[in-house]
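From first to last, the protein sequence lines are chains A and B.
Under the working numbering, the first residue of the first sequence is numbered 1, with each subsequent residue one higher.
Under the working numbering, the first residue of the second sequence is numbered 1, with each subsequent residue one higher.
Don't take each hint at face value.
Partial pick of chain B residues on the chain A-facing surface, computed with a CB cut under 10 angstroms [claimed, not checked]:
#  : residue
1  : Phe20
2  : Leu27
3  : Gly56
4  : Pro68
5  : Pro77
6  : Leu125
7  : Ser126
8  : Gly206
9  : Leu207
10 : Phe218
Within a straight-line C-alpha distance of at most 27 angstroms, the following computed DSS-like cross-link-like pairs (lysine-lysine) qualify [what the hints assert, rightly or not]:
#  : chain 1 : residue 1 : chain 2 : residue 2
11 : B       : Lys17     : A       : Lys16
12 : A       : Lys52     : B       : Lys204
13 : A       : Lys52     : A       : Lys117
14 : A       : Lys52     : A       : Lys106
15 : A       : Lys78     : B       : Lys108
Rather than coming from a laboratory, the hints here were simulated on the basis of the structure.
Ideal Cβ placement from N, Cα and C applies to all residues, glycine included.
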Amino acid sequence: MSHTATHEAHSGGGTKEIIKVTIILSVLTIVELILGFWMMGITEPGFRLAIKGTIVILMMAKAFYIVAYFMHLKHEVKNLIMTICVPLFLFVWFITAFLYDGNSFKTLRNRYDKHFKEQSTIKVPAKAEGHSEKKSAE
Amino acid sequence: MSTTTTATTTNLWGGGKSPFNVEYGKLMMWYFLMSDAFTFGAFLISYGTIRFSTNGWPDPNEVFRSFPFAAEGVHAPLVFVSVMTFILIISSVTMVLAVQAGQNMDKKAVVRNLILTIIGGIAFLSCQAWEWNHLFHEGAWWGRNPFMNADGTASSTNFTNYFFTITGFHGFHVFSGVIINIIMLIMTLADKFEQRGHYLMIEKAGLYWHFVDLVWVFVFTCFYLI
Chain A
1 MSHTATHEAH
11 SGGGTKEIIK
21 VTIILSVLTI
31 VELILGFWMM
41 GITEPGFRLA
51 IKGTIVILMM
61 AKAFYIVAYF
71 MHLKHEVKNL
81 IMTICVPLFL
91 FVWFITAFLY
101 DGNSFKTLRN
111 RYDKHFKEQS
121 TIKVPAKAEG
131 HSEKKSAE
Chain B
1 MSTTTTATTT
11 NLWGGGKSPF
21 NVEYGKLMMW
31 YFLMSDAFTF
41 GAFLISYGTI
51 RFSTNGWPDP
61 NEVFRSFPFA
71 AEGVHAPLVF
81 VSVMTFILII
91 SSVTMVLAVQ
101 AGQNMDKKAV
111 VRNLILTIIG
121 GIAFLSCQAW
131 EWNHLFHEGA
141 WWGRNPFMNA
151 DGTASSTNFT
161 NYFFTITGFH
171 GFHVFSGVII
181 NIIMLIMTLA
191 DKFEQRGHYL
201 MIEKAGLYWH
211 FVDLVWVFVF
221 TCFYLI
């Protein structure tokens with residue numbers, strides 16, 4: 001209970017760093033939004049995928065800045081950084097395996113389940129008060 | 001600096017020292033946040049898996065295109081959600097400032113920045129409440145999906161189920177974060193931390209609040225942008 005009087009050394013940080021990270025986070029968010037707006041007019045799937053990939057990389061950069069500077073992890077002891085970050089590498093398998101599995105399920109269903117394939121080609125007729133009606137009325 | 005680090009790393013595990021050099025509560029907060037990251041990760045990966053296994057998916061720019069006080073047919077994609085994102089980033093910044101003020105034992109600055117953080121959190125929750133209400137009136141809810149896929153084909157309820165579950169779970173985290181911050185504010189005003197001689201509790205609340213912001217970065221990207 002009484003050990004708390006010994007303050008942890010607060011190396012790094014300071015208001016200057018907070019301002020810097022705030023600006024970086026804002027700029028990254030604005031770039032993400034610009035990419036999002038840009039993507040609306042693009043129909044080519046490969047290009048869209050490239051933009052989506054860029055957005056994901058920017059997202060990871062934002063996550064890094066929040067964890068490293070706002071949550072102060074960069075200024076902690078290396079042992080602490082390792083005990084937090086190493087288990088998170090499980091996500092590499094987690095994301096890869098599950099998204100691959102989802103994609104494989106789609107491919108298999110499209111190949112063997114004719115009903116599934118057919119359902120995804122039938123266009124919905126515009127409903128009276130549906131979403132599409134409003135869109136076409138614009 | 002370099003000499004002190006080498007001196008500490010060599011006998012860090014030799015006993016009699018704190019290998020992580022943080023207080024117990026803070027370390028446990030980190031471990032809790034790690035488990036929470038896996039919970040959110042599981043949600044988002046499940047969403048991604050379902051999306052990858054489906055042929056069509058609704059276009060987020062068509063679904064999330066409204067803005068409060070705007071005309072009914074307005075087409076303003078990404079605008080409202082970017083406001084929400086900036087609210088959360090700014091409230092995260094005020095939280096860092098509160099933590100920093102706590103390290104300097106500056107009670108006044110802690111109170112001011114905590115109040116700003118709470119206001120930011122409440123503003124975010126209000127935005128989310130408006131958005132949910134708006135979507136509900138468009139006919140979207142768990143088990144109901146009025147939107148169709150981007151290519152005009154029928155969509156399943158997976159889209160709305162995942163959207164409401166994940167943003168709802170995140171919103172619940174924001175709500176509990178606001179409650180925690182209010183408790184911190186009351187404790188600061190009651191001079192609890194001045195009596196203890198440190199503001200470490202604010203740092204733990206701060207970690208939680210930043211995590212909420214961090215999760216929103218992922219939710220925002222996964223649901224609204226891509």
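Hint check results:
1. For Phe20/B, the interface hint holds, the least distance from its beta-carbon to any beta-carbon of chain A being 4 angstroms, beneath 10 angstroms.
2. Because the beta carbon of Leu27/B sits about 7 angstroms from the nearest beta carbon in chain A, less than 10 angstroms, this interface hint is met.
3. Annotation: Gly56/B was flagged as interfacial toward chain A, and the flag holds, the nearest CB pair being 6 angstroms apart, inside 10 angstroms.
4. The criterion of a C-beta within 10 angstroms of any C-beta in chain A is not met by Pro68/B, whose closest approach is roughly 17 angstroms, and the hint is violated.
5. For Pro77/B, the suggested interface contact is upheld, since its CB lies about 7 angstroms from the closest CB of chain A, less than 10 angstroms.
6. For Leu125/B, the shortest C-beta to C-beta distance to chain A is roughly 20 angstroms, which exceeds 10 angstroms, and the interface hint is violated.
7. A hinted interface residue such as Ser126/B counts as satisfied when its beta carbon comes closer than 10 angstroms to some beta carbon of chain A; here the least separation is about 20 angstroms, so the hint is violated.
8. Checking Gly206/B against chain A by beta carbon gives a least distance of about 8 angstroms; that is within 10 angstroms, so the hint holds.
9. Taken as an interface hint, Leu207/B checks out: its beta carbon lies about 6 angstroms from the nearest beta carbon of chain A, inside 10 angstroms.
10. Below 10 angstroms, beta-carbon pairs count as interface contacts, and Phe218/B has one with chain A at about 7 angstroms; its hint therefore holds.
11. For the suggested pair Lys17/B and Lys16/A, the alpha carbons sit about 32 angstroms apart, so the restraint of at most 27 angstroms is broken.
12. Restraint check for Lys52/A and Lys204/B: not satisfied, since their Cα atoms lie roughly 34 angstroms apart, outside the 27 angstroms limit.
13. Of the pairs offered as hints, the one joining Lys52/A and Lys117/A holds, with about 26 angstroms between alpha carbons and a cut-off of 27 angstroms not exceeded.
14. Taking the CA atoms of Lys52/A and Lys106/A, the gap is about 20 angstroms. The hint holds against a cut of 27 angstroms.
15. Pair hint Lys78/A plus Lys108/B does not hold up; C-alpha atoms about 33 angstroms apart against a cutoff of 27 angstroms.
The structure fails hints 4, 6, 7, 11, 12, 15 (numbered hints given earlier, in ascending order).
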